[in-house]
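K.L.:
The residues making up each chain are set out below.
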Amino acid sequence: EVQLVQSGAEVKKPGESLKISCKASGYTFSSDWIGWVRQMPGKGLEWMGFIYPADSDTRYSPSFQGQVTISADKSITTAYLQWSSLKASDTAMYYCARPHMLRGGVIRIDYWGQGTLVTVSS
Amino acid sequence: QSALTQPPSASGSPGQSVTISCTGTSSDLGGYNYVSWYQQHPGKAPKLMIYDVNKRPSGVPDRFSGSKSGNTASLTVSGLQAEDEADYYCSSYAGSNNLGVFGGGTKLTVL
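Sequence order for the protein chains is A and Z.
FYI, the working numbering numbers position 52 of the first sequence as 55, with every residue one higher than the one before it.
FYI, the working numbering numbers position 70 of the second sequence as 73, with every residue one higher than the one before it.
Hint data in this document are derived by calculation from the structure and do not stem from the laboratory.
The C-beta atom is built at its ideal place from N, Cα and C for all residues, glycine as well.
There may be inaccurate statements among the hints.
Partial selection, computed: residues in chain Z whose CB lies under 10 Å from chain A [stated by the list, open to error]: (1) Lys50; (2) Pro60; (3) Gly62; (4) Pro64; (5) Tyr92; (6) Ala97; (7) Asn101; (8) Gly103.
Beta-carbon label-pair distances, calculated as ranges [claimed, not checked]: (9) A:Gln117 / Z:Gln84: 18 to 26 Å; (10) A:Val5 / Z:Gly82: 23 to 31 Å; (11) A:Met43 / Z:Ser99: 23 to 31 Å; (12) A:Lys90 / Z:Ser30: 26 to 34 Å; (13) A:Pro65 / Z:Pro11: 38 to 46 Å; (14) A:Ser20 / Z:Gln19: 47 to 55 Å; (15) Z:Ser30 / A:Asp58: 45 to 53 Å; (16) Z:Asn57 / A:Pro65: 28 to 36 Å; (17) Z:Ser70 / A:Leu120: 32 to 40 Å.
Hey, can you work out the whole structure from these sequences and the hints?
P.N.:
Below, the structure is given as structure tokens:
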């Protein structure tokens, strides 16, 4: 059974750094894309980006390129989403997701994590 | 890439059918048969309900169906039940090296 288990909620101040995680199990981690979807309070879903752990090929949505870093550790089958300097506008729920991809584009998301709420406030 | 367009709300009584539309362009939704629909209950992660325009994952009731015509896709929920009340999002493939687009979401209310 595929499972994506995310790290817990975070409360941070503007300017702080943060790295949240997504532990994957039930499938061959290196052989499938994994990544992140943002949902701001009361708003819709937004693709952030995805990584292919086997070769670390990473694709970002233009809106998030340079704003976050997506990485993965094959040895512990875990994906990460990282910020170097948080802003209040980063306050959102972040979902880990395993997409089905075609030539660098998302066809569908078969599996979702439970979500990690990130709150950035002074 | 612009988002797909969905109505903000839809409603129906138990047992009725309701259809939610999702409009894109020929560069995304209209150009490919890779439309998916997600259901999201409050405080929960999204759940895949329809993929490849009209296919249902295992476990999704056959009350849920999808279709597409031109640049518009539709999700139909037949025999509405109380548990169908949720937000629904459409998504489409938008070509190589483009992550794709989401719709803004439709809140379905079961009256």
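K.L.:
State for each hint whether it applies.
P.N.:
So, going through the hints one by one against the coordinates:
| no. | hint | result |
| --- | --- | --- |
| 1 | Lys50 | 7 Å, holds |
| 2 | Pro60 | 7 Å, holds |
| 3 | Gly62 | 12 Å, violated |
| 4 | Pro64 | 18 Å, violated |
| 5 | Tyr92 | 5 Å, holds |
| 6 | Ala97 | 6 Å, holds |
| 7 | Asn101 | 5 Å, holds |
| 8 | Gly103 | 4 Å, holds |
| 9 | A:Gln117 / Z:Gln84: 18 to 26 Å | 24 Å, holds |
| 10 | A:Val5 / Z:Gly82: 23 to 31 Å | 30 Å, holds |
| 11 | A:Met43 / Z:Ser99: 23 to 31 Å | 28 Å, holds |
| 12 | A:Lys90 / Z:Ser30: 26 to 34 Å | 31 Å, holds |
| 13 | A:Pro65 / Z:Pro11: 38 to 46 Å | 25 Å, violated |
| 14 | A:Ser20 / Z:Gln19: 47 to 55 Å | 50 Å, holds |
| 15 | Z:Ser30 / A:Asp58: 45 to 53 Å | 28 Å, violated |
| 16 | Z:Asn57 / A:Pro65: 28 to 36 Å | 30 Å, holds |
| 17 | Z:Ser70 / A:Leu120: 32 to 40 Å | 35 Å, holds |
Violated hints, listed in ascending order, are 3, 4, 13, 15; each of the other numbered hints is respected by the structure.
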